[in-house]
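Colleague: For the protein sequence lines, the chains are A and B, in the order given.
Residues in the first sequence are numbered from 1 upward in steps of one, following my numbering.
Residues in the second sequence are numbered from 1 upward in steps of one, following my numbering.
Don't read these hints as lab results, they were simulated from the structure.
Please note that the accuracy of each hint is not assured.
[As the list claims (entries may be wrong)] The calculated lysine-lysine pairs, modelled on BS3-like cross-linking and capped at a C-alpha distance of 30 Å, are:
| no. | chain 1 | residue 1 | chain 2 | residue 2 |
| --- | --- | --- | --- | --- |
| 1 | A | 92 | B | 28 |
| 2 | B | 103 | A | 65 |
| 3 | B | 100 | A | 50 |
| 4 | B | 20 | A | 135 |
| 5 | B | 255 | A | 40 |
| 6 | A | 92 | B | 100 |
| 7 | A | 57 | B | 255 |
| 8 | B | 28 | A | 239 |
| 9 | A | 206 | B | 103 |
| 10 | A | 164 | B | 254 |
| 11 | B | 17 | A | 139 |
| 12 | B | 20 | A | 199 |
[What the hints assert, rightly or not] Away from chain A, derived, C-beta distances all over 10 Å, residues of chain B:
| no. | residue |
| --- | --- |
| 13 | 29 |
| 14 | 56 |
| 15 | 102 |
| 16 | 235 |
Don't be surprised by glycine CBs; every beta carbon is placed ideally from N, CA and C.
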Amino acid sequence: MNFILESNSPILEVRSLDIGFSVEQHSQFNLRDQFVSFVKGPLNSIWKTKEIHTVLKDFDLVLKKGDRLGLLGVNGTGKTSLCRTIAGMYGKRRGVTAFGEVRAIFNTEIGIIPELTGEENAHLLCSLMYPRTSKEEQKRIVEEALIFSELREFQYRPFITYSKGMKTRLFLSLVSALPCDLLILDEVFDGADVFFNDKITARVKKMIHHSGAVIFVSHSIEHIRETCNRVVVLHQQRKAFDGGIEDGIDYYLNNCGPMQ
Amino acid sequence: MNEDRLKQSSNIQQFLKMLKVLTFSELKARYRQTFAGLIWVIVNPIAVFIAHAVVFKIILKIDVNNYFIFLLSGILPWIFITSTLSMGINVFVQRGDLLKSFKINPFILLWSKVLDNFINFIIAFTLLLIGLSFLGEVSLSGIVFLPVSILILIVGTYSLLFVLSIAQVFYRDVIFVNQFILSLVYLLTPIFYPESFIPEDLRWVLIVNPFYSFIRPFQICFWEFNLTLFINSLTQPMIFILGFNCFGYFQWRKKANEFYLRI
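In isolation and in its complexed conformation, chain A is listed as follows (with noise of 0.2 Å):
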């Protein structure tokens, strides 16, 4: 089951986002240094100078079905907090709505319960990204994932024995395996070999090619060219530039550096 709008209708829309982060000066990472720190003065421990550290200042976005867009920035550019906003991870922000299912990965190399064996945290990982899929359907989908990432004769070995490569292509394979409204991939290529790199890329590229609108993070400049055909650049905690790809990769190539 899955929820892509029709076309032209909006997926995504992001209006005046600011992302920042508190940031306590001198603050203490355990109740004693908390403690210490009251003792010493009361006062300053109670009203402590919080300062605000901004990610992002008014971000607009809006993505169509069959956006594909790559996100471009250098380290700290806050491209991640964006993503996981837009995914809902940070609870409901004002400014942000998304119509439609909303899937986003950010890390591949991950077990829900590692002692038990791949097959096993298969099937969670499953129930847990496709909770509206019936028990049959995801029963199939871990079937094929199995056969897709060459992982069969591995099946009953616990995650915990699998090398990062292996957890990479399980978590690719499940994760590939069903299109939705909005897309989100955060780095996730790195990890399986150049092999299994086509091979799942292209699947990848498939279930793009199904979902409604895809946000494409990645620090290599061809996955981007391969993948999309929109480019934001964040810089300076700003949209710096939204367009077509070569243009996107130029600007991001010659402003982003650090010397820029």
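Starting from the known structure of chain A, arrange chain B on it as the hints suggest.
Modeller: Same frame as chain A, now just chain B:
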């Protein structure tokens, strides 16, 4: 409006479905690792019960009617609460990678810890209750109200875990402070001696003790059941539950961004 309600009910259904799968998988993982694990989680509370029974009933000769039932209905819920807290407080930190990998409701991890421990608690409690019924101590007059008292116990434990597990993300020694506080509160909680043993002028300690307020309705159901007493015992835990959940929710809303940075 109807659409919103449908969506909400479908979200709850999905949450419960995921919770069921996660809880049973955790149980499966634990018991597969070692059969002794299964024995331990059941034998541990039974051993604690027997040790208390021997010390207080046989050695100290405490004068309380149906003492074994009183002890069972107090000490086992206490073990349930404390073991849930010690297993669950660090869960966000331990499962940080999972929470950051894709969108998953973080609170499902807390509920799964609560239910996992609750299943162990119920098995140990039932075994001991059956054992005590042969001694003729068991009275089931309050059994009808058991679901309410269990609900209070479960939701109360979750509420405490909710607040403490979020605090643990920001202050990494909450888990140790909790252990220290539990060792003090254990002595101040009338679970192995009755409430009447506490002098009048010290009764206020019970008012500020959330652990006791969550255990009390359960205890009343099995030991000297009295309907008025049972109904009166419901107000205090409800206030604690409301307070903990409001506090936890506002902390969560305020710090959700930082939460993902710290785990």
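Colleague: State for each hint whether it applies.
Modeller: Hint-by-hint comparison with the structure:
1. A/92 x B/28: 34 Å, violated
2. B/103 x A/65: Holds - the C-alpha atoms of residue 65 of chain A and residue 103 of chain B are around 22 Å apart, at most 30 Å.
3. B/100 x A/50: 25 Å, holds
4. B/20 x A/135: 13 Å, holds
5. B/255 x A/40: 26 Å, holds
6. A/92 x B/100: 17 Å, holds
7. A/57 x B/255: 19 Å, holds
8. B/28 x A/239: 48 Å, violated
9. A/206 x B/103: 22 Å, holds
10. A/164 x B/254: 35 Å, violated
11. B/17 x A/139: Answer holds: residue 17 of chain B to residue 139 of chain A is near 15 Å, not above 30 Å.
12. B/20 x A/199: 34 Å, violated
13. 29: Violated: least Cβ distance 4 Å, not greater than 10 Å.
14. 56: 34 Å, holds
15. 102: 5 Å, violated
16. 235: Per Cβ check, residue 235 of chain B is outside 10 Å of chain A; nearest 30 Å; holds.
Consistency with the previously given hints fails for numbers 1, 8, 10, 12, 13, 15, ordered from lowest to highest.
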